[in-house]
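Number of protein chains: 2
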Amino acid sequence: MGKAASKKIADPFSIGINLETGEMANPARHLVRRASDMRGHYADPAALEKLIKDQGDPLHYEVFEVPVPQEDGELMYCISKLQPGAVGGEFFMTKGHYHSVAGTAEIYLCIRGGGYMLMKTADGKSAAEKMSRGRMVYVPPFWAHRSVNTGDEPLISFCVYPGHAGHNYGDIETEGFPRRVFQANGQVVIR
Amino acid sequence: MGKAASKKIADPFSIGINLETGEMANPARHLVRRASDMRGHYADPAALEKLIKDQGDPLHYEVFEVPVPQEDGELMYCISKLQPGAVGGEFFMTKGHYHSVAGTAEIYLCIRGGGYMLMKTADGKSAAEKMSRGRMVYVPPFWAHRSVNTGDEPLISFCVYPGHAGHNYGDIETEGFPRRVFQANGQVVIR
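Note that the protein sequences, when read in sequence, are chains U and Z.
One rule links them: number in the numbering used here = place in the first sequence (from 1) + 121.
One rule links them: number in the numbering used here = place in the second sequence (from 1) + 121.
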């Protein structure tokens, strides 16, 4: 317990998460991504510009959290809320990221809605896991990950990742994800 | 990404957790603690022996999990299910533990039932957080933790902790927790 003595030990706390709606009570931090933040991510850039113009740059996804120290041993957690919709037939999705410390996992426990977790590794492996209420997706270390909402209500997940993981958006923006999820004739198609 | 290349990268997976009942579909590992496993933990040892004898060593609590590598960067997770009941007026509880790597946190998201998370540090600080459906308790690094069921149905939580955390039951068995939770005249009392 030598390390405990040499640094201040934080106090326990608790927060409320509505397990029906996915709402977090009194989040300390609220990250908002609008359609305009998603430039460069969809297959049809013109369709995205039209959506931004026609709908006044609508909400795309949000992250709610109560931060803890960004250190190894701590656990960051959040509620991720992705709106329903499509851009040129491609379902709304998050930007996606690797972790800055690439060898760190992430857990997504889906509370509401439906869709997919798309994942890829730097050396070209690719995977997709279906998300629905009560489905817990394990994103192992070294996998970039992006969620996609294929339903008609928000896709809401409770997420946990190591405190020191950080976010690396740059590499996946350059690489792109090998699979995309579209609506075609009322069907969900992964290409 | 050098570390990624030098070790095998695990594949993503997903599992089902019923967000009403707390049941995990197809757990790979199932840990069972019976009343006889709790010797040395309750204030009234004679009452525990009577319960073991009268009720045929009943189930006390269970842990359901699908293991991942026990390494830094991975996230272990489980469903913890603690039965309702009392031993000499003291509510059923788990043994409680520090982590072997003491500076690692744990998250408990309560899915069903009600009770308390009792916590303490090696240097004598003590805390209690109430648990109920949708309540997420953050157990910071260096805090030993034990859950207590004060309700009349199982207390079920979804738990996440760092892969390399491990369990240290020995130190807290020697130290004991400074607070206990009793039923007295129909009330829940922390002493």
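There could be a bad hint or two in this list.
[As the list claims (entries may be wrong)] Listed next, the in silico DMTMM-like pairs over lysine to aspartate or glutamate satisfying Cα-Cα at most 20 Å (straight line):
| hint | chain 1 | residue 1 | chain 2 | residue 2 |
| --- | --- | --- | --- | --- |
| 1 | U | Lys171 | U | Asp132 |
| 2 | U | Lys246 | Z | Glu294 |
| 3 | Z | Lys174 | Z | Glu186 |
| 4 | U | Lys246 | U | Glu274 |
| 5 | Z | Lys216 | Z | Glu183 |
| 6 | Z | Lys129 | U | Asp132 |
| 7 | Z | Lys129 | Z | Asp158 |
| 8 | U | Lys246 | U | Glu296 |
| 9 | Z | Lys246 | U | Asp132 |
| 10 | Z | Lys171 | Z | Asp132 |
| 11 | Z | Lys246 | Z | Glu192 |
| 12 | Z | Lys171 | Z | Glu192 |
| 13 | U | Lys251 | Z | Asp244 |
| 14 | Z | Lys246 | Z | Glu294 |
| 15 | Z | Lys251 | U | Glu296 |
| 16 | U | Lys174 | U | Glu211 |
| 17 | U | Lys129 | Z | Asp158 |
| 18 | Z | Lys216 | Z | Asp292 |
[Unchecked claim] Here are some of the chain Z residues that sit facing chain U, going by a computed Cβ distance under 8 Å:
| hint | residue |
| --- | --- |
| 19 | Glu170 |
| 20 | Ile173 |
| 21 | Ile228 |
| 22 | Ile293 |
| 23 | Phe303 |
Since the hints were made in silico from the structure, they are not lab data.
Yeah, the Cβ is synthetic: ideal placement off N, Cα and C, and Gly gets one too.
So, going through the hints one by one against the coordinates:
1. U/Lys171 - U/Asp132: violated (49 Å)
2. U/Lys246 - Z/Glu294: violated (46 Å)
3. Z/Lys174 - Z/Glu186: Outside the cut-off at roughly 30 Å; violated.
4. U/Lys246 - U/Glu274: violated (30 Å)
5. Z/Lys216 - Z/Glu183: The hint holds at about 12 Å.
6. Z/Lys129 - U/Asp132: Violated, at about 38 Å.
7. Z/Lys129 - Z/Asp158: violated (38 Å)
8. U/Lys246 - U/Glu296: Holds - the C-alpha atoms of U/Glu296 and U/Lys246 are around 12 Å apart, at most 20 Å.
9. Z/Lys246 - U/Asp132: holds (9 Å)
10. Z/Lys171 - Z/Asp132: violated (49 Å)
11. Z/Lys246 - Z/Glu192: Not satisfied, since the Cα-Cα distance of roughly 29 Å exceeds 20 Å.
12. Z/Lys171 - Z/Glu192: violated (42 Å)
13. U/Lys251 - Z/Asp244: Violated, at about 45 Å.
14. Z/Lys246 - Z/Glu294: holds (16 Å)
15. Z/Lys251 - U/Glu296: At roughly 45 Å apart (the allowed maximum being 20 Å), U/Glu296 and Z/Lys251 break the hint.
16. U/Lys174 - U/Glu211: holds (18 Å)
17. U/Lys129 - Z/Asp158: violated (34 Å)
18. Z/Lys216 - Z/Asp292: At roughly 11 Å apart (the allowed maximum being 20 Å), Z/Asp292 and Z/Lys216 satisfy the hint.
19. Glu170: violated (33 Å)
20. Ile173: violated (32 Å)
21. Ile228: Status holds, d = 5 Å.
22. Ile293: This hint is violated: Z/Ile293 lies away from chain U, its Cβ roughly 12 Å from the closest one there, beyond 8 Å.
23. Phe303: At about 21 Å, which exceeds the 8 Å cut-off, the nearest Cβ of chain U leaves the hint on Z/Phe303 violated.
When the structure is compared with the earlier hints, violations turn up for hints 1, 2, 3, 4, 6, 7, 10, 11, 12, 13, 15, 17, 19, 20, 22 and 23 and for no others.
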